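Here the protein sequences line up with chains A and B, keeping their order.
Residues in the first sequence are numbered from 231 upward in steps of one, following our numbering.
Residues in the second sequence are numbered from 231 upward in steps of one, following our numbering.
Accuracy of the hints is not assured; some may be wrong.
The calculated lysine-lysine pairs, modelled on DSS-like cross-linking and capped at a C-alpha distance of 30 Å, are [as the list claims (entries may be wrong)]:
no.	chain 1	residue 1	chain 2	residue 2
1	A	K593	A	K462
2	A	K548	B	K316
3	A	K259	B	K483
4	A	K518	B	K528
5	A	K554	B	K259
6	A	K259	B	K316
7	A	K548	B	K548
8	B	K518	A	K518
9	A	K441	A	K554
10	A	K259	B	K441
11	B	K259	A	K483
12	A	K406	B	K518
13	A	K548	B	K554
14	A	K548	B	K259
15	A	K528	B	K518
16	A	K259	B	K518
17	A	K316	B	K259
18	B	K406	A	K518
Don't read these hints as lab results, they were simulated from the structure.
Fair warning: this is a prediction, and the values are worked out from it, not measured in the lab.
There are 2 protein chains.
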Amino acid sequence: MINVALLGFGVVGSGTAEVLDANRAQIEKYVGDAVAVKYILDLREFPNSPYASLIVHDYDIILNDPEVSIIAEMIGGAGVAYKFTKSALEAGKNVVTSNKELVARHGAELHSIAAAHGVRYLFEASVGGGIPIIRPMTNDLAANGIISVDGILNGTTNYILTRMTNEGAPLSDVLKDAQANGYAEADPTADIEGLDAARKIVILAALSFGKILDPDAISVEGITAVTSEDVKTAEALGYKIKLIAHTEQVGGKTLAMVSPRMVRSDNPLYSVEDVFNGILVEGNMLGKAMFYGRGAGKLPTASAVASDIIDIAANLGKASRPMKWEVATADDMADINDYSCVNVFIFEDVRCGVSKLEKVFGKIDRAVKSNGRVAFTAPTMTEREAAEKAANAGVPFVKKFRVI
Amino acid sequence: MINVALLGFGVVGSGTAEVLDANRAQIEKYVGDAVAVKYILDLREFPNSPYASLIVHDYDIILNDPEVSIIAEMIGGAGVAYKFTKSALEAGKNVVTSNKELVARHGAELHSIAAAHGVRYLFEASVGGGIPIIRPMTNDLAANGIISVDGILNGTTNYILTRMTNEGAPLSDVLKDAQANGYAEADPTADIEGLDAARKIVILAALSFGKILDPDAISVEGITAVTSEDVKTAEALGYKIKLIAHTEQVGGKTLAMVSPRMVRSDNPLYSVEDVFNGILVEGNMLGKAMFYGRGAGKLPTASAVASDIIDIAANLGKASRPMKWEVATADDMADINDYSCVNVFIFEDVRCGVSKLEKVFGKIDRAVKSNGRVAFTAPTMTEREAAEKAANAGVPFVKKFRVI
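Looking at chain A on its own, in the form it has when it is part of the complex (with noise of 0.2 Å):
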């Protein structure tokens, strides 16, 4: 029998439980013992639900408890979350956890705590919900040099965009209708800012490069200025605006972003609608490969949790590879404004407007005029000729989008 301790009863740790417990004959099957929770830590109690027997408040009685081997963090942030995984690596347990913020913040610490103590740190759920990633990137992929990931990372901003692109409607009236519908939370911020996305495509970033970047430092821009104007140019030049997770190297240094961004058409990000994310890797040998699903909800990021326990279980007593993440110096990252990519400069439509423009961007194919604003696709340049162009253009710059 293999213990586990659940760290939180809340959406993700009850579908834990309910994983564990649904598949029970096939996860034995597979580990070869069997897989049970011993304790569930919450401040709550649970009298009715099936579990409220093992529910403890005092969390020395499962760091103390030798028969834990694997406590599962579904807490979140980076408080309490953080002592709790540090003290259960430092007493030799095995942790995993769905919470992307505290991997983001100290995934370099943790990683070289449990290399330490003989124990292993996973974290498949932090990104992507259900849909393996850590584990293909880490393992599948090691044949591979990444050259870069581009992601949908958040289902809630996804949502919101195909809404806002099938219907027209503005943002603030699909957002409305999410909160209420429940795919959108009370406070939207860390979703419609990018920040939920900008901690996920660090910690893709530090898989594929090694570096930990801090999430407060990367370029962040999130879905809030994008209004329906934009949906339909996007939509009249053939792309559809995606909020787009990117990472590579640029100049030897890592490059982390967010952005909303327009998609062509022949990007198989383009087709993942709704509230499922989709993470295009790029491999020096692959080629570009996609891992499509439900990047949230109950069941799917339970059964990611709940994959990196069998993982533990599986190979208990094994020694293991550690993961070495280092924490990245401002030295270590890339100047956005190095990066180079094709984009969609929008400037007011003024009189004479596509001459002048074509002075500075060359021949302007296929411009796209609509609501006093004229939208083109430009050759790849850095941010900072785009930057440069838009500002001596003589004509006023309204945005533009990068496109992918």
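Place chain B on chain A using the hints.
Quick look at chain B alone, frame taken from chain A:
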């Protein structure tokens, strides 16, 4: 130093040597030891290859060299590849393969020989080329009961169907062109008759349900009967025709089949175009997840072979979880007549035909008439019911397509 022998120096074999070389430093870091090719077995000489000095023609040299711990079999077929694989496993050497035919036909026996000798037999490259699918289904989805798998598993037929759809061209023209530019083989039988996809779905069915079916005994329909008219009908109904390999359990028995289907636009497989593969896995907790990428090609497939080599190299000397497949008996195989799904029925468009069809099928919404045919989508029914209704409608039946 971990020594590898490559069997077969064709496209995938030479690609594997290239992948191991190109990402040497990264692989050594991951494995914790250098991974080097010591021998390459091929009947031919390759005097101009940088690997010329590694070529051997006598398999015993490899088999008798205790320094070789991993053998990558990329010969193909179930003849000499079977003999070599068996003797390698019996000699206590780990084997990885890209050979779907061998895994489909002898996987159960080879897994059991591997387990008996404490070595591993891995086959990531046998399905989906470079797309990580075998390891994620084995490890990452271990917390899920698999409900079904639907895959576009053959790049050649997907390329042909994509071009038929985009150009309205008949299969024969597109096939000739595909052969001319290397997207189809001179003898395209295994691809266009669905045999390649059949071997692959049999492997995914075994991973999902533990029983390996005989690929020659499952229902397999290729794309040769798909006409330009069918493609137009699909388009008029809002669908696309794709060659879909499917597995699920019906009445506790395992079903696997391959057939051209009409794919709905909200299915993620709808957007899998050209030579790309997509594998949609439904888990009982996860819901649906899709794995997408290049299903063939030198470096993508080689990167999957290399990922297996690296997996073994990184875990040499550790006990591994044996893979247990049972050879399916006739009683383990579901009867395809019990399988049920939505279908598009196509009948001849005769006078009063629709009212006759409505007597048998119920109200027919959105029938599409063209070129003397009437096509409509009917609700879920078993294959048995579908055949009965088609035969008894009193209107000449043309064909039907399963819908996904």
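Status of the hints after comparison with the structure:
1. A/K593 <-> A/K462: Holds, at roughly 23 Å.
2. A/K548 <-> B/K316: The hint holds at about 28 Å.
3. A/K259 <-> B/K483: holds (19 Å)
4. A/K518 <-> B/K528: holds (14 Å)
5. A/K554 <-> B/K259: holds (11 Å)
6. A/K259 <-> B/K316: holds (26 Å)
7. A/K548 <-> B/K548: Holds: A/K548 and B/K548 sit about 7 Å apart, inside 30 Å.
8. B/K518 <-> A/K518: holds (20 Å)
9. A/K441 <-> A/K554: Holds: A/K441 and A/K554 sit about 9 Å apart, inside 30 Å.
10. A/K259 <-> B/K441: holds (15 Å)
11. B/K259 <-> A/K483: holds (19 Å)
12. A/K406 <-> B/K518: holds (28 Å)
13. A/K548 <-> B/K554: Distance of about 21 Å is within 30 Å: holds.
14. A/K548 <-> B/K259: holds (19 Å)
15. A/K528 <-> B/K518: Since the Cα atoms of A/K528 and B/K518 sit roughly 14 Å apart, the hinted pair holds (cutoff 30 Å).
16. A/K259 <-> B/K518: The hint holds at about 23 Å.
17. A/K316 <-> B/K259: With Cα atoms ~26 Å apart, A/K316 and B/K259 stay inside 30 Å; holds.
18. B/K406 <-> A/K518: Holds, because 28 Å separates the two Cα atoms, which is no more than 30 Å.
Checked against the numbered hints listed earlier, the structure breaks none of them; every hint is satisfied.
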